[in-house]
Amino acid sequence: MTGPALAVLGVVLLLAAWQAVAALRWFGTTVCAPTVVVRVFADASSRRVLLDGAGATMLEAVEGFGWALLAAVVVGVLATLLPFLRSGLDQLGTIESAIPFVAIAPILLALFSRDTVPTAMAATTAFFPLYLALVSGLAAVSPAVADLCAALGAARRDTLLRARIPAALPVLTTGMKTAIPLAVLGGVIGEWLGSSNGIGPIMLVAMRNYRMPMMWAAVVVTVVIALLLYGGCAALEWVTARRFG
Amino acid sequence: MSQVAQVAAVAASRGAPISLAGVGKVYPMRRGRSVEAVRDVGLDIAPGEFLALLGPSGCGKSTLLRMMASLEEPTSGTVTVDGAPPRELAARHRLGVAFQDNALLPWSSVYHNLALPFRVAHRPVDRARIAELIELVGLKGFEDARPRQLSGGMRQRVSIARSIMLEPDLLLLDEPFGALDAVTRRRLNAELQRIWMADPVTTVLVTHDVEEALLLADRVVVLSPRPGRISKIVTVPFDRPRALDVTRSARFHAMVDELTAELDALTGGVDSDE
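Chains B and P are the protein sequences, given in the same order. Residues in the first sequence are numbered consecutively from 1, following UniProt numbering. Residues in the second sequence are numbered consecutively from 1, following UniProt numbering.
By construction, these hints were calculated from the structure, which means they are not laboratory data. Note that beta-carbon positions come from the ideal geometry of N, C-alpha and C, so glycine has one too. Be careful, since some hints might not be right.
[What the hints assert, rightly or not] Residues of chain B placed beyond 12 Å of chain P at every Cβ, according to the derived structure: (1) Ala20; (2) Gly66; (3) Val73; (4) Val141; (5) Cys149; (6) Thr159; (7) Leu169.
[What the hints assert, rightly or not] Beyond 12 Å from chain P on every Cβ pair, some chain B residues (computed): (8) Phe41; (9) Leu59; (10) Gly88; (11) Ser136; (12) Ala139; (13) Ser142; (14) Leu148; (15) Leu152; (16) Gly153; (17) Arg162; (18) Tyr230; (19) Phe244.
[To be verified] Cβ-Cβ distance ranges computed for the label pairs, FRET-style: (20) B:Arg242 / P:Pro124: 27 to 33 Å; (21) B:Ala110 / P:Ala145: 54 to 60 Å; (22) B:Arg242 / P:Asp199: 46 to 52 Å; (23) B:Leu14 / P:Val35: 40 to 46 Å; (24) P:Asp199 / B:Arg156: 28 to 34 Å; (25) B:Leu6 / P:Asp126: 33 to 39 Å; (26) P:Asp126 / B:Pro4: 46 to 52 Å; (27) B:Gly232 / P:Arg119: 29 to 35 Å; (28) B:Ala155 / P:Gly83: 20 to 26 Å; (29) B:Leu161 / P:Arg87: 31 to 37 Å; (30) P:Gly178 / B:Phe112: 57 to 63 Å; (31) B:Arg156 / P:Ala198: 47 to 53 Å; (32) B:Pro83 / P:Thr260: 16 to 22 Å; (33) P:Val35 / B:Arg242: 40 to 46 Å.
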């Protein structure tokens, strides 16, 4: 069987298992069957609420991701141009990534307005994988090309521009693929901290009012957002791998 | 300037002289151990001379070349190019190099790979010069091809063309045809000879191929295995161009035999490690 056929089979099996778990009531009424969730999307007003929330969350995730990418590029290029900064910056990045969400949340709440926290949280979670991908990408240039640049008398910034950055792009886009679902995750968690927009608050309200079909619909929407953005990054990765690989 | 007079005196040949004095290279290894790659090498290379460094694998010949290219520093002794540390020649963009790994930028076309020396030297890209060298190495029509679309031999032609793009004062070639099949290699050797004769600049070629060394070089320096030391220097007597009549002559064969015997004696008949 081909790859796509197997993928479809996997999704069908997953949906069937989900339907079975819901029908057998293994978890009482907390697990709603896919057929019930579909009915939520069929309802115009619920659909409107979910789509608005999805739009807001997607925007936060992408915006946060953009800031994280910008920060990773600035810090990564700095670490490459000034090698003595490299190990220190790596340590700092590792520490940043090791801080749990719960610990970083109060800091972000103190720094930003409640509606900006999701974007900040998305940026915080996406930063480290992007930084790692960028610095390892910038170091990925072949030793022979690095030697060539040195022998041609290329200045450090010329080597960066002509050899290191093009060589880094495929590695960076692979890192983007890893980082974008984290940005969605960070965004949703950021929304739980009191934001008024996005899919996060919808989830919380549905949970508190025990509107399980709505909650499950919100979960599905979150997954779809993550998959859409992931697909975008995967496409970008494919293009850069062909152009710069 | 006296250099100008000198260049005029020896007709077309030009380039930077190289001087190696007591050059040694020791690589530190783990647990305080070290490997001595090169020991006490002294050698003077004249402007416009084509010198081959011949030796078995792991004899430090590439290390010597890398020191001339400013890619490595000697641990003892001095290397000077044009009377100064090699770094200065590289910084002035007067050095041309080609390695066994063609070091082409995989994302750039042949044209843009050949434009690289101009770009890193911050000089306007000379389209006519690029076209001339593409023609010289027989790659007309492949200007827009990416390296992966080319054969191994074609990639090395690009690499050679790039190395002489800025008419360097010193050309350093580290087994540029080492990974090619015998037929392609012989053809490219003949082409390299032709290219070099058009502008005979100081050239150092690292090779483990005796015939290649004798075909191309004015002098062949034979190095012993680790630590690399000069074991023999042979002056090649043949006039250029060295075509089939030379390579099939008894004298050429005698020299091939002599150098091959020297290499065999140096490795003690044991396969040298790669």
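Outcome of the hint check:
1. Ala20: holds (50 Å)
2. Gly66: The claim stands: glycine 66 (chain B) keeps its Cβ more than 12 Å from every Cβ of chain P (closest is about 25 Å).
3. Val73: It holds; valine 73 (chain B) is separated from chain P by about 19 Å at its closest Cβ, greater than 12 Å.
4. Val141: Violated, since 9 Å does not exceed 12 Å.
5. Cys149: violated (7 Å)
6. Thr159: violated (8 Å)
7. Leu169: With a cut-off of 12 Å, leucine 169 (chain B) comes too close to chain P, as the shortest Cβ separation is near 8 Å.
8. Phe41: holds (44 Å)
9. Leu59: holds (33 Å)
10. Gly88: holds (25 Å)
11. Ser136: holds (18 Å)
12. Ala139: holds (16 Å)
13. Ser142: The assertion about serine 142 (chain B) is violated, with a minimum of 7 Å to chain P.
14. Leu148: violated (4 Å)
15. Leu152: With a cut-off of 12 Å, leucine 152 (chain B) comes too close to chain P, as the shortest Cβ separation is near 5 Å.
16. Gly153: violated (4 Å)
17. Arg162: The assertion about arginine 162 (chain B) is violated, with a minimum of 6 Å to chain P.
18. Tyr230: At about 25 Å from chain P, tyrosine 230 (chain B) clears the 12 Å cut-off, so the statement holds.
19. Phe244: violated (4 Å)
20. B:Arg242 / P:Pro124: 27 to 33 Å: holds (31 Å)
21. B:Ala110 / P:Ala145: 54 to 60 Å: For alanine 145 (chain P) against alanine 110 (chain B), whose Cβ atoms are near 57 Å apart, the range 54 to 60 Å holds.
22. B:Arg242 / P:Asp199: 46 to 52 Å: violated (38 Å)
23. B:Leu14 / P:Val35: 40 to 46 Å: violated (57 Å)
24. P:Asp199 / B:Arg156: 28 to 34 Å: Given about 31 Å between the Cβ atoms, the range holds.
25. B:Leu6 / P:Asp126: 33 to 39 Å: violated (55 Å)
26. P:Asp126 / B:Pro4: 46 to 52 Å: holds (50 Å)
27. B:Gly232 / P:Arg119: 29 to 35 Å: Given a distance of about 32 Å, which is inside 29 to 35 Å, the answer is holds.
28. B:Ala155 / P:Gly83: 20 to 26 Å: Distance hint for alanine 155 (chain B), glycine 83 (chain P) holds at roughly 24 Å.
29. B:Leu161 / P:Arg87: 31 to 37 Å: violated (21 Å)
30. P:Gly178 / B:Phe112: 57 to 63 Å: Distance hint for glycine 178 (chain P), phenylalanine 112 (chain B) holds at roughly 59 Å.
31. B:Arg156 / P:Ala198: 47 to 53 Å: At 34 Å between Cβs, range violated.
32. B:Pro83 / P:Thr260: 16 to 22 Å: violated (45 Å)
33. P:Val35 / B:Arg242: 40 to 46 Å: With Cβ atoms ~41 Å apart, the hint holds.
Hints 4, 5, 6, 7, 13, 14, 15, 16, 17, 19, 22, 23, 25, 29, 31 and 32 from the earlier list are contradicted by this structure; the remaining hints agree with it.
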